[in-house]
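Listed below, chain by chain, are the residues.
There are 4 protein chains.
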Amino acid sequence: MKKVVLGFSGGLDTTYCVKYLTEEKGYEVHSVIVNTGGFTREELDKIAVHAKTLGVTSHTTVDAVKGYYDRIIKYLVFGNVLKNNTYPLSVSAERLVQALHIAEHVQKLQADAVAHGSTGAGNDQVRFDMVFHIMIPNVEIITPIRDLKLSREEEISYLKSKGVDMNFEKAAYSINKGLWGTSVGGKETLHSKGMLPEEAWPTQVTKTGSEEVKLHFEKGELTAVNDQSFEHPSAAIQYLQTIAGAYGIGRDIHVGDTIIGIKGRVGFEAAAPMVILKAHHALEKHVLTKWQLSWKDTIANFYGNWLHEGQILDPVMRDIEAFLQSAQANVTGDVFVQLQPYRFQVTGIESNYDLMSSKFGKYGEMNSGWSGQDVRGFSKIFGNQTSMYYQVKKDVEGAAGN
Amino acid sequence: MKKVVLGFSGGLDTTYCVKYLTEEKGYEVHSVIVNTGGFTREELDKIAVHAKTLGVTSHTTVDAVKGYYDRIIKYLVFGNVLKNNTYPLSVSAERLVQALHIAEHVQKLQADAVAHGSTGAGNDQVRFDMVFHIMIPNVEIITPIRDLKLSREEEISYLKSKGVDMNFEKAAYSINKGLWGTSVGGKETLHSKGMLPEEAWPTQVTKTGSEEVKLHFEKGELTAVNDQSFEHPSAAIQYLQTIAGAYGIGRDIHVGDTIIGIKGRVGFEAAAPMVILKAHHALEKHVLTKWQLSWKDTIANFYGNWLHEGQILDPVMRDIEAFLQSAQANVTGDVFVQLQPYRFQVTGIESNYDLMSSKFGKYGEMNSGWSGQDVRGFSKIFGNQTSMYYQVKKDVEGAAGN
Amino acid sequence: MKKVVLGFSGGLDTTYCVKYLTEEKGYEVHSVIVNTGGFTREELDKIAVHAKTLGVTSHTTVDAVKGYYDRIIKYLVFGNVLKNNTYPLSVSAERLVQALHIAEHVQKLQADAVAHGSTGAGNDQVRFDMVFHIMIPNVEIITPIRDLKLSREEEISYLKSKGVDMNFEKAAYSINKGLWGTSVGGKETLHSKGMLPEEAWPTQVTKTGSEEVKLHFEKGELTAVNDQSFEHPSAAIQYLQTIAGAYGIGRDIHVGDTIIGIKGRVGFEAAAPMVILKAHHALEKHVLTKWQLSWKDTIANFYGNWLHEGQILDPVMRDIEAFLQSAQANVTGDVFVQLQPYRFQVTGIESNYDLMSSKFGKYGEMNSGWSGQDVRGFSKIFGNQTSMYYQVKKDVEGAAGN
Amino acid sequence: MKKVVLGFSGGLDTTYCVKYLTEEKGYEVHSVIVNTGGFTREELDKIAVHAKTLGVTSHTTVDAVKGYYDRIIKYLVFGNVLKNNTYPLSVSAERLVQALHIAEHVQKLQADAVAHGSTGAGNDQVRFDMVFHIMIPNVEIITPIRDLKLSREEEISYLKSKGVDMNFEKAAYSINKGLWGTSVGGKETLHSKGMLPEEAWPTQVTKTGSEEVKLHFEKGELTAVNDQSFEHPSAAIQYLQTIAGAYGIGRDIHVGDTIIGIKGRVGFEAAAPMVILKAHHALEKHVLTKWQLSWKDTIANFYGNWLHEGQILDPVMRDIEAFLQSAQANVTGDVFVQLQPYRFQVTGIESNYDLMSSKFGKYGEMNSGWSGQDVRGFSKIFGNQTSMYYQVKKDVEGAAGN
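Chains as they are written, first to last, in this note's numbering: chain A, 9 to 410; chain B, 9 to 410; chain C, 9 to 410; chain D, 9 to 410.
Honestly, the hints are just simulated from the structure, not real lab data.
All residues carry an ideal CB built from backbone N, CA and C; glycine is no exception.
Be aware that one or more of the hints could be misleading.
Pair by pair, the computed Cβ-Cβ distance ranges are [as the list claims (entries may be wrong)]:
(1) D/74 - B/178: 35 to 43 Å
(2) C/337 - B/218: 18 to 26 Å
(3) C/66 - A/407: 49 to 57 Å
(4) B/75 - C/407: 47 to 55 Å
(5) D/406 - A/161: 30 to 38 Å
(6) B/157 - C/407: 51 to 59 Å
(7) B/32 - C/358: 46 to 54 Å
(8) B/148 - A/407: 24 to 32 Å
(9) B/346 - A/31: 18 to 26 Å
(10) B/146 - C/401: 42 to 50 Å
(11) C/376 - A/406: 17 to 25 Å
Here are some, though not all, of the chain D residues that point toward chain A, as calculated from beta-carbon distances under 7 Å [as the list claims (entries may be wrong)]:
(12) 117
(13) 269
(14) 297
(15) 299
(16) 322
(17) 327
(18) 331
(19) 389
Listed next, the stretches of chain B that the computed footprint assigns to chain D, with coverage defined by at least 3 CB atoms under 8 Å from CB atoms of chain D [said to hold, decoys possible]:
(20) 353–365
(21) 385–393
With these hints in hand, go ahead and build the complete structure from the sequences.
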């Protein structure tokens with residue numbers, strides 16, 4: 009009997025896949041769920057029970073939170089990556105980690121095929137397909153939902169006919185939760201105009217007033233919050249999320265380019281990610297040189313876009329990571345952030361590597377390391393070529409005028 | 009008698025310059041003030057009176073608001089330029105327009121020298137020096153404050169000795185206002201930590217609740233607000249500022265690289281600029297292609313940095329402007345923004361050029377222009393090279409393992 | 009009867025397509041050949057006769073040489089585009105112009121389908137497919153050679169069975185000639201090692217000794233060679249080719265990334281293109297500013313790669329062209345080039361816009377526009393931030409050492 | 009008595025400096041010469057004798073060849089760095105290594121001052137000044153030639169008056185030799201037009217005919233030539249130079265932007281560097297992915313320009329080096345190069361990491377890892393957004409036309 013490994017979330021589509029692969033295709037189905045921070049222990053247990061009830065041969069739960077951070081999120085922080093200056097790539101990043109774990113599971117089980125529940129209209133199909141083509145190139149990829157183009161109703165009716173009992177109600181919004189943020193799609197996001205209503209956000213605002221948090225970074229990684237240290241940055245992120253999430257911070261709507269060309273709009277809430285990215289960037293602005301900041305922006309922009317498009321395995325990504333890692337050598341210090349309902353403000357930093365040290369002079373007020381005469385010479389030389397350019401131009405135009 | 013043109017703001021430093029140039033250096037002083045949107049008619053008149061009282065031979069007021077927009081701000085909007093993803097370059101941009109107008113004034117008066125009141129510790133000295141070196145290369149540049157390194161007290165005592173009567177009190181914060189935002193420096197901004205207190209902000213928050221505004225862009229330029237059209241985008245910006253400013257929107261602190269190498273920290277409030285930049289970017293995300301968005305970011309980042317460093321006259325800036333202008337062909341439509349105290353949210357757009365049109369399918373839900381089979385082929389080819397890369401790597405490592 | 013427009017070269021593959029489309033598929037075939045400079049009048053006439061003999065309903069010859077230059081080559085010159093610093097994109101560029109003309113022909117004839125003779129292993133299939141998807145999105149694309157995966161022998165045997173009489177012999181090398189160079193593939197290029205033998209090059213070396221040519225550029229375009237003016241730059245290119253080609257200049261082998269992921273190796277000869285690109289670049293190095301040169305490189309690199317991948321219709325290409333056009337404002341002057349068998353050397357330029365004017369000083373010898381003191385100040389400020397960086401680093405490390 | 013460390017070449021300018029610093033300024037002069045591959049043992053000994061005769065307190069010879077390679081040239085090879093696609097940065101690179109060694113010597117001797125013999129018209133003054141400002145910020149920098157603006161005749165007459173006996177004849181060309189190439193300036197290079205005559209080149213052409221060399225790279229570094237291994241890549245470079253130099257390979261004239269704004273023209277011969285750079289790049293084109301090649305170009309371009317401008321100590325250079333190092337992981341293999349008088353041709357490569365492996369299909373001929381159907385889908389999706397762009401545009405224009 010041929011084995012297939014199925015990426016399984018317990019939702020309608022992947023539930024359909026279990027039954028379809030088992031009963032219509034005669035596969036031995038091995039379901040796997042990769043937790044990237046969005047599921048509680050209870051939810052994972054429920055999903056496991058559901059999988060078993062559906063008749064899978066084996067069901068595996070992979071706890072990928074730390075690896076997700078180490079492999080991807082770390083670099084998103086180093087690069088201050090926000091797609092189109094807006095979206096922390098919450099879903100894009102975690103889909104790739106899931107695909108990588110599923111591919112490993114296929115290798116381990118020496119399965120004949122791998123299946124995922126993506127439709128033909130989104131990004132995820134490309135991310136799964138591509139990681140599988142690369143990691144397990146000779147394994148067949150089966151995508152029932154995409155290939156059969158089934159409607160929701162058809163899936164439900166098929167499952168009912170197979171005696172499956174589950175909650176068939178369609179949620180008002182499709183929600184995807186993970187360590188690096190939660191996406192919220194549906195209704196308003198399906199059009200170019202319209203904001204999600206208050207009740208659509210998974211994390212409701214429960215705090216008022218204002219609160220300061222202190223984030224400690226070591227070589228670019230968040231290691232402590234309010235002087236509380238964590239054994240792994242992923243735990244620090246989760247802790248900060250409990251603090252900042254309750255303020256409704258980091259909510260926004262993003263419209264972006266999908267891999268397949270259409271524009272897609274999605275709401276997201278990402279309190280901890282947004283606070284961390286802005287705090288990290290603020291610290292970098294104090295400790296890095298001008299061209300470090302500039303090149304980090306350029307290169308990290310590409311990193312984010314290429315990751316979004318599923319290209320995490322292109323070796324150029326390793327090269328960029330080497331650059332980003334090198335640039336974090338001095339990104340160590342504390343960042344102070346004021347949290348308030350729906351917004352936050354970085355209020356300052358403290359770092360031994362701070363280049364804004366008063367011993368070098370104070371911007372606009374005092375120059376101790378150089379003289380006005382030095383700047384006078386600098387200005388002359390700094391504009392020297394453009395000055396020549398205008399003199400040459402004037403000569404040509406003057407000559408032409410005669 | 010030798011003529012000097014002096015950039016004049018009416019403050020302590022440039023007041024000192026008038027007296028110093030006239031009485032110590034024997035110059036005929038022609039003062040000029042270039043209004044880039046920060047002064048009212050009354051303020052300008054008062055400054056003119058002050059100049060005359062000090063004994064200048066002529067005083068000229070240049071209304072540069074429209075030209076400032078046409079020459080610089082337009083492109084900052086096209087490029088969604090925020091220095092280090094934070095600061096709209098409020099001061100950097102206007103200083104250059106001022107320098108350009110002063111240089112023109114020097115040419116018109118055929119003056120022997122040009123003077124500015126910059127210290128040796130900031131960016132402005134470089135901007136003024138450099139524009140003068142380029143535009144009026146043979147005109148002497150005089151910078152009394154920088155060269156003499158006078159203290160505030162010394163300046164005051166000199167002026168008093170010359171019978172000058174003016175407000176000698178030092179403001180708690182140094183404020184610079186213009187069409188594209190107001191900077192606020194002093195106390196907290198002189199250190200790496202600390203936020204400006206509520207009372208330091210020139211525009212106080214007077215509105216509560218929430219309000220929607222509709223911004224209309226034509227080829228990237230703001231031409232109407234809430235269906236009210238303006239003869240020039242600069243007027244639209246000023247109108248939007250009256251609406252959004254009262255919410256305390258667009259306040260932040262930026263730490264950045266000065267031209268001369270030190271890090272400088274400055275507070276700013278820029279309600280209209282921040283709303284316009286985010287609204288414009290949102291519209292672009294709907295109407296431009298992926299690589300237009302990507303290259304605009306890269307190139308506009310440089311544009312902003314190079315402008316900040318005073319290099320507006322480098323011809324590469326014209327080339328970049330040609331790129332940015334070309335990219336605005338379809339950036340036409342309405343953008344909806346929700347304003348609230350201290351924050352705002354772009355809630356959607358309407359544009360005939362919107363590429364997120366439901367006729368092409370709905371992201372994640374429906375694909376009408378292509379098939380799942382097409383995407384399957386795409387994914388295979390899109391990851392083809394990386395797939396080969398891993399196969400080759402495996403072969404080498406496998407061989408090495410034997 | 010359904011109409012199909014077929015891109016027709018007269019070779020085995022497209023000859024097969026005519027018969028297949030007519031006799032197996034029942035189409036009315038309208039063949040079209042787009043001359044981008046590679047065919048003589050006689051060759052085009054022969055191809056027309058061949059098409060008619062095969063039974064096409066109509067055959068059209070499009071003379072696209074000027075348009076090819078105006079639409080693409082001009083910008084490749086402006087950008088000094090050499091893919092991977094080697095290959096002038098001879099074939100990539102012309103394939104797109106051919107696709108665009110074929111698409112126009114489809115629109116004109118209101119054809120139901122369009123056909124091309126590409127295999128499934130190269131770049132051209134993507135270029136044709138993509139231009140057709142964009143320009144004529146609802147027209148069916150038929151690709152018999154790709155879809156049927158026929159061997160050469162099968163094609164010949166089919167054609168013979170249909171009574172077709174033509175030269176069925178396989179050339180030792182596959183050659184593609186056009187205005188912007190000639191590619192040569194086969195034998196040696198199919199492997200990673202090995203150079204094409206002398207006899208494989210379509211243009212044999214017939215000149216010895218050495219010869220100077222003078223190229224005149226107006227705003228970046230070649231308008232005269234040795235003081236002989238041409239009504240269109242494409243004619244100047246062809247004239248220069250007759251001079252430089254006979255020296256065997258511009259031969260090389262390129263290995264590059266195909267659109268579909270594999271690496272491909274191809275020989276090419278491109279005497280006029282290589283001489284023009286290097287001459288144009290030399291002129292630019294004299295008349296453009298440092299950052300114009302730098303940004304042109306970056307942006308033109310992408311332009312060349314994206315063009316190579318068939319993306320000529322992405323609007324970002326128009327934006328880049330606007331940049332490149334703007335940068336050519338002063339690229340006017342004469343360039344002197346020494347030609348010799350197998351090599352050439354740019355020996356100098358003359359231009360009114362030359363920024364290397366002795367009136368500004370002589371590099372390394374004399375400084376007339378600034379003083380040593382100015383440079384001293386410049387050096388201090390230019391390294392100011394890095395100097396602070398090291399002082400801060402030393403402090404931290406010193407403190408850590410205690 | 010105050011100590012000064014003087015960078016000493018034994019030429020007229022630095023000879024003048026010794027006497028001037030000793031006799032006019034009362035310094036104890038410690039001369040140092042840093043050999044970056046341009047001097048023989050005999051030349052260095054002669055220079056030492058000359059220094060002693062002039063009366064220096066100490067003279068030190070630093071052999072910096074290996075360190076020069078390890079610190080800079082390695083990365084220039086990794087990045088295939090040619091300034092403006094022409095010049096291997098022969099002089100720029102070695103000047104920085106010299107400055108770094110001189111600064112170390114200052115620290116070791118705890119000298120009060122450092123001196124160099126640069127004029128005010130070239131790049132070297134900035135490179136020396138800047139490295140000194142950064143590495144030894146509190147040490148006075150003395151530049152007699154720049155500051156006194158002495159003519160050659162004045163220097164000679166002064167030295168004669170001090171009884172100095174040396175060759176005072178001016179060479180027809182100023183030559184600077186080092187491991188990474190030799191620059192040749194004078195006469196023709198002082199103007200925009202004119203090639204150096206045959207006799208001006210330091211290495212004369214003594215070989216005829218043709219010769220193949222095989223270069224072996226390990227992770228991007230040249231480790232063997234024609235199967236002869238070297239303990240350090242710098243020795244391999246020197247060995248290759250003896251082979252290729254005699255063919256007159258790698259001669260060219262470059263016009264480039266100096267740090268101080270003027271354009272400078274310089275001849276150079278760099279046989280080994282040019283062969284190595286092109287061979288290395290050829291190998292990379294076979295083993296790296298498309299985006300590795302593309303980003304390497306972009307980032308290495310900046311690296312070369314920034315190095316040229318003396319900014320080797322900016323930490324961003326370390327970050328770029330980390331990127332470049334990472335990208336060399338698979339750059340291992342043999343490259344075959346045909347040498348002939350005045351030219352060379354890379355004829356192929358052999359590498360286990362070659363991505364142009366026939367097992368993946370042959371470009372243009374055979375596709376074994378994917379189907380024509382896959383490419384069809386790819387083309388559709390790859391052009392999907394631009395296709396939508398044109399449909400939207402047509403709708404708007406159609407509507408506008410009504």
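For each hint, the structure was consulted:
Under the hint 35 to 43 Å, the C-beta atoms of residue 74 of chain D and residue 178 of chain B, about 59 Å apart, miss the expected range. As the Cβ distance of residue 337 of chain C to residue 218 of chain B is approximately 49 Å, the hint placing it in 18 to 26 Å is violated. A C-beta distance of roughly 56 Å is found between residue 66 of chain C and residue 407 of chain A, which places it inside the suggested range of 49 to 57 Å. Range check, residue 75 of chain B to residue 407 of chain C: Cβ separation about 52 Å, and the 47 to 55 Å hint holds.
A beta carbon spacing of about 37 Å between residue 406 of chain D and residue 161 of chain A agrees with the range 30 to 38 Å that was offered as a hint. Range check, residue 157 of chain B to residue 407 of chain C: Cβ separation about 32 Å, and the 51 to 59 Å hint is violated. Against the hinted window of 46 to 54 Å, the Cβ-Cβ separation of residue 32 of chain B and residue 358 of chain C comes to about 50 Å, which satisfies the hint. The hint said 24 to 32 Å for the Cβ distance between residue 148 of chain B and residue 407 of chain A, and at roughly 27 Å that hint holds.
Residue 346 of chain B and residue 31 of chain A have their C-beta atoms about 50 Å apart, which leaves the hinted 18 to 26 Å range violated. At roughly 43 Å, the beta carbons of residue 146 of chain B and residue 401 of chain C sit within the given window of 42 to 50 Å. The given range of 17 to 25 Å is respected by residue 376 of chain C and residue 406 of chain A, whose C-beta atoms sit roughly 20 Å from each other. For residue 117 of chain D, the suggested interface contact is broken, since its CB lies about 24 Å from the closest CB of chain A, more than 7 Å.
Given hint, residue 269 of chain D at the interface with chain A, holds; its Cβ is 3 Å from that chain's nearest Cβ, closer than 7 Å. Among the interface hints, the one on residue 297 of chain D holds; its C-beta lies about 6 Å from the nearest C-beta in chain A, closer than the 7 Å criterion. Checking residue 299 of chain D against chain A by beta carbon gives a least distance of about 4 Å; that is within 7 Å, so the hint holds. At its closest, the beta carbon of residue 322 of chain D sits 6 Å from a beta carbon of chain A; the interface hint therefore holds under the 7 Å criterion.
Hint status for residue 327 of chain D relative to chain A: holds, with the closest Cβ pair at about 4 Å, below 7 Å. About 4 Å separates the beta-carbon of residue 331 of chain D from the nearest beta-carbon of chain A, less than 7 Å, and the hint is met. A distance limit of 7 Å between C-beta atoms decides the matter here; for residue 389 of chain D the minimum to chain A is near 5 Å, and the interface restraint holds. Note: the segment 353–365 of chain B has 5 residues with beta-carbon separation from chain D under 8 Å; the three-residue rule is met and the coverage holds.
Counting residues of the segment 385–393 of chain B whose CB falls under 8 Å from any CB of chain D gives 7; the rule of at least 3 is met.
Checked against the numbered hints listed earlier, the structure breaks hints 1, 2, 6, 9 and 12; every other hint is satisfied.
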